[in-house]
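*Asks:* Protein sequence lines correspond, in order, to chains A and B.
Take the first sequence: its letters are residues 1 to 290, numbered as in the working numbering.
Take the second sequence: its letters are residues 1 to 317, numbered as in the working numbering.
Rather than coming from a laboratory, the hints here were simulated on the basis of the structure.
Quick caveat, the model's predicted, so the values are computed rather than measured.
Be aware that a few hints might be false.
To be verified - No more than 25 angstroms apart at the CA atoms, straight line, and that leaves these computed lysine-lysine pairs for DSS-like:
#1 B:240 - A:90
#2 B:240 - A:87
#3 A:268 - A:49
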Amino acid sequence: MSWFHKEKQPLEAPKAKRVQTEGLWIKCENCKQPLWKKDLEANLFCCPKCNRHFRMTARDRLQMLFDEGVYTEHDQGIRSSDPLHFKDTKAYRDRLKKAQRETGLDDALLTGEGLLEGRRVIICAMEFQFISGSMGAAVGEKITRAIDRCIAGKLPLVIISCSAGARMMEGAVSLMQMAKVSAALARLEEARVPYISVLTDPTTGGVSASFAMLGDLNIAEPGALIGFAGPRVIEQTLRQKLPDGFQRSEFLLEHGMLDAIVPRKEQKGYVSRVLGLLAAPGASGEDPAS
Amino acid sequence: MANQPQESNEARALEQQIAELQQAAESDEVSRAEMERLQAQLQSLRRKPSSKHNGAWDRVLLARHPSRPYTLDYIDLLFTDFTELHGDRRFGDDPAIVGGPARFEGKPVLVVGHQKGRDTKQKLARNFGMAKPEGYRKALRLMQLAAKFGLPIVTLVDTPAAYPGIGAEERGQAEAIAYNLKEIPKLRVPLLVIIHGEGGSGGALGIAVGDHVVMMANAVYSVIPPESCSSILWRDWDHKEEAASILKLTAEDLHGLGIVDEVAPEPPGGSHTDPKAAAELLRPVVRAGLSRLASLPAEQLVKRRHERLRRLATFIS
């Protein structure tokens, strides 16, 4: 052993120290700055320093978009029936119960009807904390019912996607939801009712390959991961590292897959403006002034 | 081949003996008799249900069997005048999807499906049957052409998955599949879908929306390959057999769930043992399917299709 022998093992960073203020502070993964949670909340869960968009719950989404945060929830109580009686290391039923307990939701999607800058709309928001926001029969059914309501009432539709894709634990039943929801969107299109798809981090798999990519407008939040195959699957298939920024919103905009990247703070105004332009009186929507 | 089904050693030994006797049988009466006896024995062995230890995983292996007939084999055996049309008119031609007008028992139809390659060179050329966005866009272009001229569409499904690659993502793999899912239900012609090999998730569904969905007895249809399911849930590939079984991906399972309308029989032992017989077993299924759908007016057909999709739901409310 020479004096200048280099340590083979890289020096380990000390484990994060647990401090008493745990839960009040959060560290931004992007700029590494500590953030006071209340500040983050007040800033619509965007880092006040680098504007990184953090994930939001479905309830916070609806709160943010509806006027005064007021809305009527639709199709409550639609839950998965565990059609495959799926059980791996843990029963799917138990996973569902745990997710329901933790999120207070029945499944990974929340539908609300209310006013957005004075215009009546239906908004569906996905909940990532509920089994990675995955789409099973309950999510598929809730979106389809929301579409039916939009057709019946000539109400514009906004869906905020945040999902890893189809729900594995419901097998081919999940897969069929992609077809079911997309066919329902064809009917919405026929009724000439506007649909704005908002893609947030992440939107992949069966959700991106169905309703999330089928908006009259597809808009995304900055830096969101959006794609069909997850980056890990692609890396495994190609056995190569993927370039920086691959499958991020900016990459998709450049490749012509998005209409715009809209920062969260501008989202409500943007959606309202576009609906005002598309859902002009005499076309399909209602006159906001009436 | 790692993918070969784990047929019993007995069957493999019999195959070996038959192969050895084959040459001698040309000139030797005794050898021929012996060979025929062994062949009969092998047949009856294969007729036994293969689901001794794990039926679902056996099906996965059968569905991926390297000698299983592929889409172009079925086109060759069941259709005449097949005229392959290429390209999506936007970016390129994807060899993982083939299609074009043809005749089925004299009547014009449009056939479209995934195509896998038989040897290494073909496998690479066909990208193992994994389509890219241009493949899905080509399929839709051909289907719309069929709708324009009133041709019923026969869709032959056999793909491990949609291709997960950089170019495919750049050109909008998700959008291409999503767009098909929205546009195919609008077509005012009958859609007969036959899942004859692997029904790999969105990659299969991207062309597999239909009025009547048939699955061959040993085909599989799943939201995720059992290997990936195993690696997500157990963090390794060792539970793929178990994953195959809990995913409920066999024809019977999916028929039970109402996702598949009909299960088409295969020759004993699977379609790979006798592709011609497999095609002949499929023929009446195609005939009946097409004639039943042909009797419906376009309006009703589309309405029925939407209702069929709407029913694909099992939930508690």
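*Asks:* Take the hints in turn and mark each one as holding or not.
*Replies:* Checked hints:
1. B:240 - A:90: The hint holds at about 16 angstroms.
2. B:240 - A:87: holds, 14 angstroms
3. A:268 - A:49: Measuring from Cα to Cα gives roughly 22 angstroms; hence the hint holds.
Comparing the model with each numbered hint stated earlier shows that all of them hold.
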